[in-house]
Amino acid sequence: MPDVAASPIVRMTYRDASRAGIREALLRDPRVFLMGEDVGRYGGAYAVSKGLLAEFGPERIRDTPLSESAFVGAGIGAALGGMRPIVEVMTVNFSLLALDQIVNNAATIRHMSGGQFSVPLVIRMVTGAGRQLAAQHAHSLEGWYAHIPGLRIVAPATLEDVRGMLWTALEDPDPVLIFEHQGLYNMEGDLAANAGPVDIDRAAVRRRGDDVTVVTYGGSLFKSLQAAEMAMAEGISAEVIDLRTLRPLDMETVVASVRRTHRVVVADEGWRSGSLSAEITTRLVEQAFYDLDAPVARVCTEEVPIPYPKHLEDAAVPQPATIRAAIQRVVAAGAR
Amino acid sequence: MSEPAVVDPQHGRHLLAEMLRIRRFEERCAELYSAGHIRGFLHLYIGEEAVAVGAMQALTPDDAIVATYREHGHALARGIPATALMAEMFGKQEGCSRGRGGSMHVFDAATRFYGGNAIVGGGLPVAVGLALADRMSNRPRVTACFFGDGAVAEGEFHESLNLAALWRLPVLFLCENNLYAMGTRIERALAETDIVMKARSYRIPADVVDGMDVLAVEDAARRAVAAVRRGDGPMFLELQTYRFRAHSMFDAELYRDKAEVEQWKQRDPIAIFAARLTREAGLTAGEYQEIDAHALREVQEAVAFAEAGTWEPVDELTTDVYTPRMEEVRHA
Amino acid sequence: MSDFRMPSLGADMEAGTLIRWLKQPGDEVKRGDIVAEVDTDKGAIEIEVFEDGVIEELVVQPGEKVPVGRTLARIRTAGIVPAPAPPREAPQVTGSAAAGVPAGAPAPPAPSRAGAPPPTRVAASPAARRRATELGVDLRRITGTGPDGAITLADVEGAAAVAAAPAPAPDRQQAMRRAIAAAMAKSKREIPHAYVTTTIDMFRATAWLRAENQRRSVEDRLLPAAMLLKAVAGAVSDVPEVNGYWVEDRLQASPRVHIGTAIVLRGGGLISPALHDVDQRDLGAVMRGLSDLVARARSGALRGSELTDGTITVTNLGDQGVDGVLGIIYPPQVALVGFGRIVERPWIEEGRIEARPVLHASLSFDHRAVDGHRAGLFLAAVERRLQAPEAL
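Protein chains in written order, with the numbering used here: chain H, 1 to 336; chain A, 1 to 332; chain U, 1 to 392.
No lab work stands behind these hints: they were computed from the structure. Values in this document were obtained by computation on a predicted structure and should not be read as measured data. Take these hints with a grain of salt, some might be off.
Unchecked claim - Computed footprint of chain H on chain A; a stretch qualifies when at least three of its residues, placed anywhere within it, have a C-beta under 8 Å from a C-beta of chain H:
| no. | segment |
| --- | --- |
| 1 | 114-127 |
| 2 | 151-159 |
Stated by the list, open to error - Computed far set for chain U versus chain H, every beta-carbon distance over 10 Å:
| no. | residue |
| --- | --- |
| 3 | Lys-23 |
| 4 | Asp-33 |
| 5 | Val-59 |
| 6 | Val-60 |
| 7 | Glu-64 |
| 8 | Lys-65 |
| 9 | Thr-77 |
| 10 | Arg-204 |
| 11 | Ala-211 |
| 12 | Arg-356 |
Claimed, not checked - Sample of chain H residues lacking proximity to chain U, with all beta carbon distances greater than 12 Å (derived):
| no. | residue |
| --- | --- |
| 13 | Tyr-46 |
| 14 | Lys-50 |
| 15 | Phe-56 |
| 16 | Thr-91 |
| 17 | Ser-118 |
| 18 | Pro-149 |
| 19 | Ala-204 |
| 20 | Glu-229 |
| 21 | Met-230 |
| 22 | Ser-237 |
| 23 | Thr-253 |
| 24 | Ala-288 |
The C-beta atom is built at its ideal place from N, Cα and C for all residues, glycine as well.
Using the sequences and the accompanying hints, generate a full structural model.
Structure follows, in structure tokens:
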């Protein structure tokens, strides 16, 4: 681990941090390359890879045609062939065009080949709502992917994670899908100039609290932290857990928190039905039933395709106010 | 297409032996399937042996193979032992994929055999990626990608041909046109049935080859592989062939005439080539029987190996979903 | 209109403290519904209503201690409902407003909660339940403050803290001891006790029980206590005057056989709730009823009627290792059957001395109501039934 204390602190955005992670990976390992739609000349649909083409050239910053299945599959083949590809899919909605390759090949080849071939592939994609991109660019389908054995699913919500998870993912011998929430790209923060790799196994407690545990990840993390602040004004002490990795789930951290707080709110930008939030809730029922002092509350996206108008989009997805309301609901007045 | 003027007697006998190995292996598979020893889907290659055997002659051990779910012929011709292949068909852990894949998912690291892909068209992008890795690593390798006429209708076919051509990747696309995508005849599936036109539209050089003639296949494959290895970018061969058996074991063949099947059987690649060897390279009936007996013995040994094979313990069910990490391996 | 009064839950009960109402004004009640919890010297008891009707008014508030017989609530009884109940059918809908609704479609269920069945299970969070078990706190005695009135962890811990306070517990013990003392003194003072005893050969009964238990699943196994209760209930049909009350200077024999079963409480004290209609139940049902009664007596979850309905009492001190017991009658009952332990003793059968399992049985009887001759016949009837265990 780098000596963070000795390194200068740099102000940067989540976008910058993501780019820094890619750049470090390219510098560190000649087998690493970035491939995807408009990652090169255009600089990335979300400007994450801006400037990398000039530095690393078109062999390693590869613009692809609009052929999600072919270039994701090519990433699988290149990984089988010894490379460490980073494939960027512009949004999670577009990844559905590559679902065959992700689910039928990347996730299965190791098991189906009796352990002979691993697929050390990293796929980055953008997820989430909040910029009025409507129903084909703003969904949160990471929960779907978290259903699939053979994949590892991570959702960095902080600068440190978006920068540091990539290298750890590239070192993982199996396919890792990284979900970057589009609402986070402009988020600014301080990061050590030499911030390095971080683990992709454990959830993180982002805020300590005693009365209720808010389990969340990605774009809903900062909304949950805001909600926790709002609840503090009412005397409720909320703990906020950032899952970080959606498969495998670090239930140990979640359960340890629930054993103290006895109340849970799950805030997930995915839809409620058949969802990651349902999975977390079920595991709490399985693993922490006798620690629960109130029904688990979920704050999820309304069961609609994401609408275009701002007011409807805002109403559709979890917000600090709706998360706070759920916190209040489970911490009923008389129960404290 | 010009036939080579002379058949090399030694090599000719090798090609015949390879095709007979596949034929006898698969005939036995059909029998074992009917007896319940092989389960799942079983797709036989009988009638198409000249394609795999001819094409494999052009490849070196460093090259990679991506095949379909009708891949026993490719696996045997590539050098996967019949024993490991038959054990795989049985689902035994001595199988080449530890029995996890079965008939449709043959994998073998030693021979760089990357499946055994049972999604029609699903292997093409992977082949493109294997070639991309070679290209980026400056390795003079070729990835041979087999698929059927059915895959031509898939988006992945077009995406992959385009990408391979765009990036001039070392892929040899081998389209085994047996006229039927399962039960759908090519005219009922493709608006343009001249498949090589599609490849050429992506600026990939493409030839039509008689897939029932092992020497013609070998000759075309050698020329194509040489071009790919030279760095000319991808090449495409349409190998016109026919499967003599049904699509899978459970298929009433309602979609094609028995007369048509009989007509194609007149062009049996093994019989035709054996006749030619007799004619031009002095193959005797005794020699043929010896080659055939050798193939039958190999199959018999494979069956015995598979029968003696063991079942993977159920407590290993979830192994190899993920790769054990170094620290886990160290602490294991 | 009728009054729902503080019931007399025992001869020794003079007053009770209302803990909480389980029904509110406007709620429908049916005969047998539990409507309130009352704290008595013998513990918290759920009290039931004996009429159908609607709660009109709650007269007494939780926390109030009122004497037996005082009105707790007023109930509008079913017979004199002021207005006819509205028809169940939905009004006929006509015209375009009914578009899409086929004629005769059932009306949607009424949103009112009034028709909801009475709560049969305490609403408590899983964490509260676990903590209550750990602390030995009875959830039925806690008022929930969580969502929908559910009992939360904090409620349980609060209740446990109150219970753990040093003063009340000895009080309760002392109160119960005083109540038992009063009842026993009254009994010995007023009832002319007489006794008959006998020793019963239990060879057949115990052999049959062993065989029967082999046949039954573990959770359905029978204890000798259940056989004894059945034998007593059967003997009552031969000698009915031991089963009933001495009131107003005469015997009122009871047509039903509710056997009061003396149960020792953990931490001291004694309670004798009744197992109803023992003569009507088969042996398995008696066993289940007995287990349930013991469990509920020890958790303080008895119904009021169970404390007052006994028509005869059985006390079984076999577990304590005594040979026999001559008990004191529980007024206003007129008889009490005492059993000691089943123990091997020398027994002479057709001139041979054998080791046999035997049981000492006694009958304490109120000589005002029952003669010694009839008392002897009763014990003989008990013995006869234990010699034919398969018929119990």
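Q: Hey, is Val-59/U genuinely clear of chain H, shortest beta carbon separation above 10 Å?
A: holds (27 Å)
Q. Holds or violated: is the Cβ of Met-230/H farther than 12 Å from all Cβ atoms of chain U?
A. Non-interface label stands for Met-230/H: nearest chain U Cβ at 20 Å, farther than 12 Å.
**Q.** Within 8 Å of chain H (C-beta), three or more residues of the segment 114-127 of chain A
**A.** Since 10 is at least three, the answer is holds.
Q. Is it correct that the beta-carbon of Glu-229/H has no partner in chain U closer than or equal to 12 Å?
A. The claim stands: Glu-229/H keeps its Cβ more than 12 Å from every Cβ of chain U (closest is about 24 Å).
Q: Take a quick look at Val-60/U and tell me if its Cβ sits farther than 10 Å from every Cβ on chain H, holds or violated.
A: Val-60/U is indeed farther than 10 Å from all Cβ atoms of chain H, at 24 Å.
Q: Classify the label on Thr-253/H as holds or violated, using whether its beta-carbon is more than 12 Å from each beta-carbon of chain U.
A: Consistent with the label, Thr-253/H stays out of reach of chain U, its closest Cβ about 19 Å off (over 12 Å).
Q. Is the nearest Cβ of chain U still more than 12 Å from the Cβ of Tyr-46/H?
A. holds (42 Å)
Q.
The output says Lys-50/H does not contact chain U. Does that hold with a beta carbon cutoff of 12 Å?
A. holds (50 Å)
Q.
Beyond 10 Å on every Cβ pair: is that true for Lys-23/U relative to chain H?
A. At roughly 22 Å from the nearest Cβ of chain H, Lys-23/U sits farther out than 10 Å, so the non-interface label holds.
Q: Examine the segment 151-159 of chain A for residues whose CB is less than 8 Å from any CB of chain H, and state whether their number is three or more.
A: holds (count 3)
Q.
Checking a non-interface call: every C-beta of chain H should be farther than 10 Å from the C-beta of Thr-77/U. Is that right?
A. Label holds. Min Cβ-Cβ 36 Å, cutoff 10 Å.
Q: Examine each Cβ of chain H, and state whether all of them lie more than 10 Å from the Cβ of Ala-211/U.
A: holds (41 Å)
Going down the numbered hints, you'll see the structure goes against just number 24.
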